[in-house]
Each structure stands twice: as structure tokens, then as C-alpha cells.
Amino acid sequence: MLELLQYGFMQRALMAGIIIGILCPLIGIFLVLRRMSLIGDSLSHVALSGVAAGIVSGVYPLAMALVFSVLAALGIEQLRKKYEEYAELAIAIILSAGIGIAVVLISYAKSINVDLFGYLFGNILTVRSSDMRLITGLGILIIMFVKLLYKELFYIAFDEEGARIAGIPVKRINLFFIVIIAMTITLSMRIVGVLLVSSLMVIPVAASLQVAKSFKQAALLSVVIAELSVVSGIIISYYMELASGGTIVLLSVIILLLVIGFKGVMQKT
Amino acid sequence: MLELLQYGFMQRALMAGIIIGILCPLIGIFLVLRRMSLIGDSLSHVALSGVAAGIVSGVYPLAMALVFSVLAALGIEQLRKKYEEYAELAIAIILSAGIGIAVVLISYAKSINVDLFGYLFGNILTVRSSDMRLITGLGILIIMFVKLLYKELFYIAFDEEGARIAGIPVKRINLFFIVIIAMTITLSMRIVGVLLVSSLMVIPVAASLQVAKSFKQAALLSVVIAELSVVSGIIISYYMELASGGTIVLLSVIILLLVIGFKGVMQKT
Amino acid sequence: MKKLVSVKDVCFGYENELVLKNVNLDIYEGDYLGIVGPNGSGKSTLIKIMLNILKPSKGSIEMFGKNIDDFRDWGKIGYVRQKATSFNTGFPATVEEIVAANLFSRIGIFKPITRSHREMVYKALEIVEMEKFNRKLIGNLSGGQQQKVFIARALVNSPEILFLDEPTVGIDLDSQREFYGLMEKLNKEMHITIVMVSHDIGVITEKVNRFACMGDSRLICHTNNSHLEITDILKEVYGDKMNLLIHRH
Amino acid sequence: MKKLVSVKDVCFGYENELVLKNVNLDIYEGDYLGIVGPNGSGKSTLIKIMLNILKPSKGSIEMFGKNIDDFRDWGKIGYVRQKATSFNTGFPATVEEIVAANLFSRIGIFKPITRSHREMVYKALEIVEMEKFNRKLIGNLSGGQQQKVFIARALVNSPEILFLDEPTVGIDLDSQREFYGLMEKLNKEMHITIVMVSHDIGVITEKVNRFACMGDSRLICHTNNSHLEITDILKEVYGDKMNLLIHRH
Amino acid sequence: RNDIDKQSQVMSGEGNPVVYASIYPMYDFAKNIGKDKIDLRMVVPAGAEPHDWEPTAKVMVQMEEADVFIYNGVGMETWADNIFTTLANDKLIIVEASRGIDLLKFHGHEHDKEHEEQDEEHDEGGHHHGEYDPHVWLDPIRAIKQAENIKDALIQADESNRDFYEANYQEFADKLKALDARYKEALSNVKRKEIVVAHAAFGYIADRYGLEQIPVSGLNPQEEPSAAKLVQITQLLREKDIKYVFFETLTSPKLSEVLANEVGARTAVLNPIGGLTQEEIDAGKDYITVMEENLETLKAVLGE
Ligand SMILES: Nc1ncnc2c1ncn2[C@@H]1O[C@H](COP(=O)(O)OP(=O)(O)OP(=O)(O)O)[C@@H](O)[C@H]1O
Ligand SMILES: Nc1ncnc2c1ncn2[C@@H]1O[C@H](COP(=O)(O)OP(=O)(O)OP(=O)(O)O)[C@@H](O)[C@H]1O
Ligand SMILES: [Mg+2]
Ligand SMILES: [Mg+2]
Ligand SMILES: [Zn+2]
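Chains as they are written, first to last, in the working numbering: chain H, 1 to 269; chain X, 1 to 269; chain L, 1 to 249; chain R, 1 to 249; chain E, 1 to 304.
In isolation and in its complexed conformation, chain H is listed as follows (with noise of 0.2 Å):
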């Protein structure tokens, strides 16, 4: 452990970990139960085409990528609108459309030699000190965020028109949130993964689903189980050569898999 913690990159994976392993199921719960758990993925993939957008056209590509992820935010927002029984199937268009756009910009540009995914993917593992900052600066973003508009983002989540009916700015709310979520994850993908932020959103929170035995207790437990991940997920991934991303998405969904059988236990005696 105490070897470990020599290295800055390593001091920093931990800080980041730790502090991304609160902010993701944070937000994550909410998504997740206005059925947006796949958001992640699908803005990655927006970010994606707002990349070779800023390349063809010369703006700065995360940017670009930036810009892009919350139009394509504000996109999931309408959509959900129109597919009110179905928000899952406005992420899943912004997803496709997203690709679609990335995929017919490159070929239209013929030219673009960026590594592109490399604009995504970043690496828990090399987080620099001027990551740390943002990390951090959004991470308290967020986390007052939530705190503060606690009891109406769950309102909210539980019975949109209910919410609005007791004088809730759910409009207004709702927009914030999609912004704050798409600039969090396309912020934080490309610092420490995507794979890890879509990921740490939406198993943790799974796991606390079964267990949890009220909404406060859900979030709490989702927070407890990614840090779990996290930590453990960055020592087994040092001691046995691993990647590190990798390893913690994995061990959460270890961690999932436990429960869900521990409940199957307990539910059979």
C-alpha cells in the first residue's frame, strides 16, 4: 500500500478515483432511475463527432467536444419529451446519431490523422495535477449540486408532473442537470476514461437498487460500493499487472454480482 503511494501518478489515480467514485454514483442514481443509464456512452460518443468536427473545421477539439455533448444533452432532454414511456430510446438515438455524425465527418474530411478515440479515453493512471484541479473543482460542483437541489431532483426523478404540480422549476432544473451531466462526463472521460465514468454511473448504483431500503440509502450505498471498487480495483490492478480502468469495472461488477446472490440467499432461508 505504503509502496504504491510513492509515485505522484498513483497519488493522483487514488485522488481522482476516490473523488470521481463519489461524484459518478451521485449523479448516476438520478440518471439511472429516469432511465438515462446509459447517457455516458452515448455522450462519449457525441464527444466523438464534436471532436472531428473541431478538427475539420479548426476550433479546438474538446472544445468542440464540449459543445457538442451539450447540445446533444439538451437533444436527450427534448427527445425524452416526445418518448415520455421511453427516455432510454432518446439516448439510444443521440448515441446512433452521434457515431453517424463522427463517422461521415471523417469521411468527408478524408484527412484526419488524430487518433480520435485517444481524445476520449483517458487513463486513470495519467491524471496530471491540472486534471486534479478540474477533477476536484467539479467534483464539488456536483456534489453541491446535489446537495442543494437534493429533494427536488428526487421529486423529480419519482413523478415529473407531480414535481411541477407542487411549484417545482422543473424545466429549469432539469436543464441545469442535463448540462452539469454532459460537462462532468465529458470533463471527466477524458481525464479518467470513459469506460470508467459511464461505468461507476450506472453499477454501483445497480448494486445499491437491491439493497437499498430508501432513496437516501440507495445514493449513500452506491457512493460506499464505488469507492469500494475504486480503491481495491487500483491495488489489485498495480499488484497484478492490470489495467487499471479495467479492474475497477470489473470489481464493481463483482461487487454486484455478490449482492445480487447474497439477496438470493437471504430471500431463499
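Just to be clear, a hint being listed does not mean it is correct.
[Unchecked claim] No farther apart than 25 Å at their CA atoms in a straight line, the calculated lysine to any residue pairs in the SDA-like style are these:
(1) R/LYS55 to X/GLY264
(2) X/LYS81 to L/LYS58
(3) L/LYS111 to X/LYS81
(4) L/LYS136 to X/LEU220
(5) H/LYS147 to R/HIS117
(6) X/LYS213 to L/ASP70
(7) R/LYS55 to X/LEU258
(8) H/LYS82 to X/LEU141
(9) L/LYS8 to L/ASP70
Don't read these hints as lab results, they were simulated from the structure.
Quick caveat, the model's predicted, so the values are computed rather than measured.
Dock chains X, L, R and E with the ligands against chain H, hints included.
Structure of chains X, L, R and E with the ligands alone, referenced to chain H:
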């Protein structure tokens, strides 16, 4: 139009496109209505980990990809029961697990030397005669399957519990369905590309849901919209020198937006 | 009289607390069984166990003489679940398609729906006065209209036994009257067995010929119709204030 | 008497057919308004239009004297929609959490729920006798218990006007009686205005002090309570056979 | 810090400098120059897709102790930037092997000489925006310059073996010159000039030996060519009666096969040496031998 058809690969692209344009929305409508819109994207990532596993273990990678996809599909089916109200969560979990395994396997093996993505990303322009036979076979299989089990699949999609009490062998049909889906997706994405397969399963269905006045209509209309996108996509991509797959997808998105816009206008008046 | 359903010594609890404790109940051919009881007394749970949607932790269910796990003849059973209208309202299916789907056991697997089936659908819709709405999307109906469609769906099969969990919820008075009339006809003339959960005790006591009352995790009473007796029992279950609301039509 | 809601010349149709044709309705402070009518007559639609969930194609709504689009004071309004229990049963929220969420207009944005709010929640749950279930997951309750929770949610805010769309659906008799008693108390003692859609005409005619009856896309009648009159009107709407089912308690 | 220093000495064996090379050609060049005096490792496992490729923590720890890191540059290794900025290794000598080399711009498949000259100044900035062709190593003459960059770095890291590295570099440079001579001779009077390749990896060879590269995909092998492009190439194949379509070892040959089928041509391997497979390495192949294989293929195909 005629000019285009001089070339064997264009003929095959059109033929394959037309078949895929029937097949994808036909299974897509059941998937969308069961909240499994993103199964295509999910299984493609699992197939990736299958290819990696095949390479690591020395087994023919495509076979391994198929095995992994089918197993993952069964996994989704199992998880779906745990998250009855959140079927899309099962998809998201399997997707993350798929990439996680792929990444870990790659880092574990250290010398995987085949381009993994080449295994997944077909291209509608590179359809070979032998592929045509496979795709036609799959097409006939799926159409038969949907035709024969139409009313059962419909009932299950609408109300699974009700279907069981009506005496429909829900478990067996679900199993059969999900296995066929996994096989179709894995094999056909290799031929025409994962982008095309997963988009055509979702977007034409989304468009038809906006206007359909019955389930049958929704199914037929989605096939019509898919065919429209495929045929005009191939022609337009040819003349505008764009990637065919991306163009088809973007066209289907445009049709979707037109349908939504048109519906909006109709309702206002 | 043939025994259609036999609930033997069934126990069930969702988590720890038992919802059903050693419940025994036999349902015979021709019965019109009303099940009443306060909210949360386990009525819906009992129905779900009878239909093999939930598995009892103890005891067993026999359906038409067979253990429920071996029972295959689902065409004989009609079921309207509680909150039937709580489906995905975005589903693009017409009333006709939904009702027709339940004809499965008539048609058989792999076979298409024919004109004669469609006529059965039409008849079932006529019974609930929804024949004019046959081509409407189910999600576009009012709550009560949807409930009627689900009743039609249960009837379309001409089942031998009907399980109805609060079937008249959200249905207007006129239609309720027609519905109860129909149930009486089905039961008396066509000898269809009916199991109905309802809070409408006034109607239930009037119409049914057998009566079960749930409370305190048990089947408290289980009698053949006899108004006096029932009133006493109801008082026991619901408390004294109850009396006021029991009315006969 | 203050006019709380004013429906002015409202028309509405979902697709082509008009569901509401030139409906006019004023609701005054202290009213206990019952809305009845057959299934599909537009009762829920009317409520939704009053609450700005649907936009009328013609006409306007005023709420507390303001045009509904400019109305902000939603804390004054309580609403239990039809099929309230048709939510996502997998949602991991406790009864308490759900009821507390509706305190929004009391608490204000950005502020947390405090102990005193929790006591209000507890009181609302007591009213519907669900206080023992406060820590249970909403999805794990029986249908009737869920409905009670949604009633508590509407009450927690101590609203000035309550819109209830078939609130007693699935609720057992004893609780129904308590519920109607409570409504009477809220209305008479606390001067809360109540708008209630129900098919339970017997109870409605007994309890309400104003009465609206929908049919044929119109508000057919709209009178102050007078039993004789109502019976005649109901006959007109539901047909002659109707009589049988109207009963008073 | 002291502990770490000790540890690093233990890890780097008998005090040999620890050298990391990004991709196979860099690895091969460094090996030819450093031979047994350096502790050489390749970062990206042979052929792995860079965007699935995640360095493990162990590799990162080892790179903290490394002395030299060699990479090709010109946007070939997008992941590299991240690694440099992450490591706290002050003594690490980072070599962009393509530094100071005149790069070619990529413009589809028609070359535009004027642009190339104008753009040379920008190269000094060291930051490439992707329009440059990164496959520098495939031109033996430019490869010499790359080898020189690598040699300089090794000397900087390990002054004591300066002569050893210089000698090896000379030897390797001579081999490359000889290779160049053989290419020149063999390709100067071939019948055809057109090579149809899977992706635009052979721009530098084409530039050096007066061939015309017709790539099916662009610089990025993942790019999906348009139907119009395929039609153009088909027409070109027919017009010029080209008999071969090349494919690569590390990417799917499907596109090349489809094209070849269309006009009745054959397919053959032309290896861009971005990475060798384990089998190839085990069979004793290296940069020079594969370049020679490529030459044999080119001779056979273009001389026909
Ligand atoms: N979303 C919708 N799209 C199209 N038509 C609809 C929609 N919702 C309701 N309708 C139709 O509008 C009419 C009025 O519906 P509404 O729900 O207001 O009736 P209701 O009086 O509340 O009936 P119930 O007693 O059954 O609840 C019905 O004929 C119904 O079919
Ligand atoms: N999924 C569940 N998980 C845990 N407990 C449950 C679940 N469903 C029901 N319960 C509990 O089991 C008890 C019986 O529920 P059931 O639905 O059978 O009642 P019911 O008699 O049908 O009531 P109602 O008249 O309200 O429909 C209730 O106390 C309820 O809270
Ligand atoms: Mg019940
Ligand atoms: Mg209604
Ligand atoms: Zn290359």
C-alpha cells in the same frame, strides 16, 4: 442509379442494406418496447471482449465473440428479472462489463496483435458473396421467427406476466429470442457494421412510434423508414462521397426529426 | 362439484413478516367467490400465489387437480390484476391487438390470428361496451376505459375460471352495473367460476354465493352466503364503525 | 366568496374529436365540488387542464385570480391524479421520502428537510393511517396502501384547494369512510376547497355541496346540492337503469 | 526519494539505461543502436489498438525509473502526451524520433509538393495537427535520421558508452543506406508506379522512390471509405490494369479483398511495420527483413 449498380460491391451493399433494413427494425421494435434499445451497442462491446478472449486463449475469435455475445444476452435476460422496472439497466451493466473484460484481457495478454476493432466493424461496402449468403440466411431466419411468434412476442412485450398466465411459454420464447438477437447482431455487425445494425434497430422504430396507430402499423412503418434510409443513404453517400454507414444513420435521424416536426405541426393546427 | 383450485396450508411473506399464514381455501366449479379485507391484508398476494406468480414459502396450490407447477391449461384461466391499467402508456397497441393477444391458448403457438378470432375479440369488447374503441391506442383511453379493455381481455378466452382483483376500479356506475350483471350471467348461465377481490362489500355480499374475508394474515372467514353471518364477520374484521357503509342494491 | 378557479369557455381535444366543448366552471372558496360522469366523459381531462398539465385549444383558466400560466403559488394546490399508483414500482423511495418531497413549496428551493417538516409528513400519514409504514418502500405496499400514501402526499402541504381524481380507488371501506370524514372536516372546519372526481355517486351526492356532471363533451349540469334534482340529472346522463345503483349512506 | 533511487538501480540491472520505445519500429531502431548495453522495452504491446491500450500501473512505475522514452511522434501515439505530463521522472530523456525530419502532408491520394515545402517551418514547432503523415519510419533515409535522434538520446543518457552507440548507429545507418540503394535500384525501372494500399501508410516510400500511393482508407485505418472512393479506385484499377491490391497484417483484409474481387486482381501483404505479430518476431523478423520482404513484393507486383 444505373451507374452505381455496375459495381459488384454496390450491388451487394444495396442487397445487404435492404435485408438489414427489414431485419433490424423487425427485431428492433420488440427490443425498443422492452426497453432494450441499446442491446446492439452493448453486445458489440461484449463481442470485443470475446475477440480478445479468443486471441488470448487461441480459439477462433469470431466463434468466441459469438459465444460471449450469447452468454451476455443470457446475462441481460437474467439481470432484467432483477431490475424488472429498469430493463435498460441490465443493458448498461453488461456493456460496462464487456468493455471492462476486454480492457483487462488486453492488458493481461500484453501481446494481442490483431486489430480487435477490425473484427467488429463491418462496412456495408465490403460485403462479400459469402457474407450475402449469411445475411440472407439470417434475414430469412428472423423474418420467419417474427412471423411465427408475432402474437407471442407482442404479448410478452406488452405484458410479460399476463403472457405467462395466458399460457405462453414466456421463458422459452425469451431465451430463444435473446439468443437469436445476439447471433444476429454479432454476425451482421461484422458484415455491415455495428453502427448500422444498432441504429437501424432503434431509429426507424422511434420514428414509427411517433405516428403509428397500432402495433402492426408500427412494425411495418419502421421497416419502410429503414428501407428509405438505406436506399437513399447508399445513393446519397455515393454522390456526396461520404461514408455509407454514417449517411444511412444520419438520414434515418433526419426522417425521425421530420416525423416529430410534422407531428408537432399537425397537432398545432 | 369439481374442485378447481385448492390452496393448501399456504404461508407467504415478502421479506420477513408473514402476509399469509397457513391459508386454506378450496374453490369449486360454479363458485362465485368474493374476497374482501382491508388494504394490505394479502388479497392480491393470495391471488398471485394461486396463479403461480408468487411461490408460497410453505404449502401448495392445486389447479384443476394438478400441482400449479405442472398446470399447463392456462386457457381456462382469466385474470385481471390489480392496477391492470398501470402499464406503459406509450405502447403502440390498439385495444383490439391487446385483447386478441390473450387468445393465445385458443390459437396455439406459431399460428396467426384469423377472422373468427377477431370476432371473438369484438364480442368481448361488446360486453364491456368498448367495441367502438377497438382501433384506438390503449394509451389514449381514459382510465376507466382502459380497465374495461382489461376486463374484455380476460373474458375473450371464455375461461372456466376468472380471477378478478378489484376489476371495477375506475369504472363508472352504469358500466359497473352491467359488469356485475354480466358476472352473474357468466356464473349462473355459463357456470363460469369467479373469484373476485373487491372493496365494494355492498355489492359483493349481494352477488356472490361464497365469501372469504381476509385480515390479520389469515383467511378469517370463509362461508357460503348468509347475510347475517357476513355482517357479523365484517364487523369483526373492519371494526364496529363498519356497519354504516354496508349497503345492498 | 372568493373565486379560486375559473374555467372559461374551454375547448380541448386530444386528436381530432373534442373532449371538452366550451366548458365553463367556477370554483369558489369553501366549495366541495363533486365531478361525476361516465368513463371517457372528460373528467380527468378537465382536471388536467385546470392544473396546466394540458393546454386548452380555446378558452382560459384562472387560478386564484391569475392566468394559470402566470400562477406560481403551487403550494396552495394538492393533487392526486387518477392512476397515481401507476408509478415505477422499482423506485427505491420510502413512504416518508415521497410524502416529504411534496413539501417543496413550504421548504423552498435549495433548503433541506428539517425535523419540523418530518413531523408534518408524519401527521399526513396518520390521517390516512399509514404512519406505521413510513419507512417502507413505496413499491412494496399493497395497491390500496399506495393510494393512501398519495392522498397523504396531497395533504401534507395543507393546501387551500385539493384536486382529487378518483382518490378512493382501491381503498378499503373503513379507510374510505375515514377519508370522506376527513374531507368533510377539511372542508367544513378548515375551509379547504375540494374538487373530487368519483364514480361513487352515492357518497358524492351525500357529501358534496356542489356538483358537476359531465357527459357528451360538456358539463351537463352544475348545481348546488339538491338531491331530487341530481337524481333526475343523473338519469339523463347515465340512462334510466341508473337509479338502482344510487344509494345513500 | 533515496529508497526509490536504490530501487531503480536494482531494477535496471547492471546499470544499463532503461529505455522505453513506443511502437515496434522505434523499438527495433533502439535495439540496433543500444544492443545489449540498454535495457529496452516496448510500451504498446505488439499491435494493440492504442485506444484500448491502457498502461498498467507497473509499467508506469517502471517508467518513473526509466532513462529514455522514444516515440515516433507526428500524432502516432496520442496516449504519449498524457504519460509525459503524468510522470514525475525528471531525468527521463524524451525523444520524438521524427523531430527535424521534413514531413509530408497528407492530401487524400494526390500529392501537392508546394504545400509540403511551405509547411516545413511549422514542423519545428513540434506540434502536429494530424494532417502530417506519421509513417516516417517506412522511408529508409528518414529512418536514418530517426535512428540518429535515438542515438543522440542514448548518448545523452549514457555518456560512457558513446562510442559503442556511435559505432552501432553507423552500422545500422549503413544497413539502411544499403536498403535504400536496393529499393532505388529495384524500383527505378519497374513497369508500374501505382500501389493500392489499405491505408495511407506508404506515403514516404512513394515519395522517396517515385511511386504513387493509392490508399483505400486515409491515414487512419479506422476510417470508412466512401462508395465513391471505392468506385474511383475500381475505375483506376481497371484503367491502369493494376493487378494487385495490398493489405496489412494487423487490420482486416476485407476491404482489399472486395476491391481485388471487383476487378479480378489479387491481394498481397505490404507491411507498414507499425507493429509485428508475436509470430513474426519469433520467426526472427525485424524492420530490415520486413522492409526487404516488402521490396520483394513490390518488385514482383510492380515489375509484372
Ligand atoms: N392521451 C390521450 N390521447 C388521445 N385520447 C385520449 C387521451 N387521453 C384520454 N383520451 C380520450 O379522451 C376522452 C376523455 O378522457 P378522460 O381521461 O378525461 O376521461 P374520464 O372522464 O376521466 O374517464 P374515466 O372515468 O374513465 O377516468 C376519452 O374518450 C379518452 O378516450
Ligand atoms: N413487493 C412487495 N414487497 C414487500 N412487501 C409487499 C410487497 N407487496 C405487498 N407487500 C405487503 O404485503 C401485504 C399484503 O399485500 P397485498 O397486495 O396482498 O394486499 P391487498 O390485500 O391486496 O391490499 P389492497 O386492498 O390494498 O390491494 C401488505 O402489507 C404489503 O405492504
Ligand atoms: Mg390488492
Ligand atoms: Mg379519469
Ligand atoms: Zn498507419
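Hint check:
With a CA separation close to 14 Å, the supplied pair R/LYS55 and X/GLY264 stays within the 25 Å bound. Proposed proximity of X/LYS81 and L/LYS58 is supported: the alpha carbons are some 23 Å apart, at most 25 Å. With a C-alpha separation of about 28 Å, the suggested pairing of L/LYS111 with X/LYS81 is violated against the 25 Å cut-off. With a C-alpha separation of about 18 Å, the suggested pairing of L/LYS136 with X/LEU220 holds against the 25 Å cut-off.
Distance check on the hinted pair: H/LYS147 and R/HIS117 sit about 18 Å apart at the alpha-carbon level, within 25 Å; holds. Between X/LYS213 and L/ASP70 the CA atoms are separated by roughly 39 Å; this puts the pair beyond 25 Å, and the hint is violated. Straight-line distance between C-alpha atoms of R/LYS55 and X/LEU258 comes to about 24 Å, which keeps the hinted pair within the 25 Å bound. A threshold of 25 Å between alpha carbons decides the hint, and for H/LYS82 with X/LEU141 the separation of about 33 Å lies outside it, so the pair is violated.
Among the hinted pairs, L/LYS8 with L/ASP70 is consistent with the structure: their alpha-carbon atoms are about 16 Å apart, no more than 25 Å.
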